[in-house]
Amino acid sequence: KNEVEQSPQNLTAQEGEFITINCSYSVGISALHWLQQHPGGGIVSLFMLSSGKKKHGRLIATINIQEKHSSLHITASHPRDSAVYICAVRDPGAGSYQLTFGKGTKLSVIP
Amino acid sequence: EAQVTQNPRYLITVTGKKLTVTCSQNMNHEYMSWYRQDPGLGLRQIYYSMNVEVTDKGDVPEGYKVSRKEKRNFPLILESPSPNQTSLYFCASSLLGTGNTEAFFGQGTRLTVV
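Taken in order, these protein sequences are the chains called A and B. Counting along the first sequence from 1, when you hit position 44 you're at 198 in my numbering, and nothing is skipped either side. Counting along the second sequence from 1, when you hit position 99 you're at 100 in my numbering, and nothing is skipped either side.
Among the clues, some could well be false.
Sample of chain A residues lacking proximity to chain B, with all beta carbon distances greater than 10 Å (derived) [stated by the list, open to error]:
1) Ser-180
2) His-187
3) Lys-207
4) Val-263
Calculated cross-link-like contacts (lysine to aspartate or glutamate; reagent style DMTMM-like; alpha-carbon spacing at most 20 Å) [unchecked claim]:
5) B:Lys-70 / B:Glu-80
6) B:Lys-70 / B:Glu-103
7) A:Lys-155 / A:Asp-245
8) B:Lys-18 / B:Glu-54
9) A:Lys-207 / B:Glu-103
10) A:Lys-257 / A:Glu-157
11) A:Lys-207 / A:Glu-169
12) A:Lys-260 / B:Glu-63
13) B:Lys-58 / B:Asp-39
14) A:Lys-207 / A:Glu-221
15) B:Lys-70 / B:Glu-2
16) A:Lys-209 / B:Glu-103
17) A:Lys-155 / B:Asp-57
18) A:Lys-260 / A:Glu-159
19) B:Lys-66 / B:Glu-54
20) A:Lys-222 / A:Asp-245
21) A:Lys-257 / B:Asp-39
22) B:Lys-58 / B:Glu-31
23) A:Lys-208 / B:Glu-103
24) A:Lys-155 / B:Asp-60
25) B:Lys-58 / A:Asp-245
26) B:Lys-18 / B:Glu-80
27) B:Lys-70 / B:Glu-54
28) B:Lys-72 / B:Glu-54
29) A:Lys-257 / B:Asp-60
30) A:Lys-222 / A:Glu-157
31) A:Lys-155 / A:Asp-235
Hints were generated in silico from the structure; no laboratory data involved. Quick reminder that beta carbons are idealized off the backbone N, C-alpha and C, glycines included.
The following block holds chain A by itself, in its conformation from the complex (with noise of 0.2 Å):
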């Protein structure tokens, strides 16, 4: 089973800062999610990759197969992108569809 950390736990950022939260894994995986859970509310998911770089608005999430690393970057941070992002992996394999969760990664981001 996979074993997946984040970096860091809690990460405080003063509005407009460039924020980078990283995530390892184990052995091999299928895909890699980042997701978004805000205070109080669901879970949303930001991106799905297995391979490169993919952007979104001011978000962008790369992943580094090899080294069994992706990396979620937010640029020009802003208070509404305060939250906790969880990076979750899938193993390999058909029929695989289990995810393995990080524990998160708390940013607060201060006007």
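With chain A held as given, fit chain B onto it using these hints.
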């Protein structure tokens, strides 16, 4: 709108009183799953279902039951809730395929057992 709907959002109950948390998805997804989220432990899988009448245990199934009689619904049943089942619960669904499919999550159900 594609969504996963859980009900209720909040529930306070007493030890031993049977309860059901409902989960419904409108995307015709085959795969559905229940997770609980606890501080310091992250999200852990309780049960999952690959299709109608096909269910299996996740990592923390003790004290829970599920059923999948229809494709869209996947209720979570606590026959005799105990305080250690106080948690935030999420239902999720996705298509079956190569494994490279997006997951959709419900809004969560915050359960307190006293």
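Hints and how they fare:
no.	hint	in the structure
1	Ser-180	holds (15 Å)
2	His-187	violated (6 Å)
3	Lys-207	holds (16 Å)
4	Val-263	holds (22 Å)
5	B:Lys-70 / B:Glu-80	holds (18 Å)
6	B:Lys-70 / B:Glu-103	violated (23 Å)
7	A:Lys-155 / A:Asp-245	holds (8 Å)
8	B:Lys-18 / B:Glu-54	violated (26 Å)
9	A:Lys-207 / B:Glu-103	holds (16 Å)
10	A:Lys-257 / A:Glu-157	holds (11 Å)
11	A:Lys-207 / A:Glu-169	violated (24 Å)
12	A:Lys-260 / B:Glu-63	violated (29 Å)
13	B:Lys-58 / B:Asp-39	holds (19 Å)
14	A:Lys-207 / A:Glu-221	holds (14 Å)
15	B:Lys-70 / B:Glu-2	violated (23 Å)
16	A:Lys-209 / B:Glu-103	holds (16 Å)
17	A:Lys-155 / B:Asp-57	holds (17 Å)
18	A:Lys-260 / A:Glu-159	holds (14 Å)
19	B:Lys-66 / B:Glu-54	holds (13 Å)
20	A:Lys-222 / A:Asp-245	holds (12 Å)
21	A:Lys-257 / B:Asp-39	holds (10 Å)
22	B:Lys-58 / B:Glu-31	holds (16 Å)
23	A:Lys-208 / B:Glu-103	holds (14 Å)
24	A:Lys-155 / B:Asp-60	holds (11 Å)
25	B:Lys-58 / A:Asp-245	holds (17 Å)
26	B:Lys-18 / B:Glu-80	holds (7 Å)
27	B:Lys-70 / B:Glu-54	holds (6 Å)
28	B:Lys-72 / B:Glu-54	holds (9 Å)
29	A:Lys-257 / B:Asp-60	holds (15 Å)
30	A:Lys-222 / A:Glu-157	holds (11 Å)
31	A:Lys-155 / A:Asp-235	violated (31 Å)
Comparing the model with each numbered hint stated earlier shows that hints 2, 6, 8, 11, 12, 15 and 31 do not hold.
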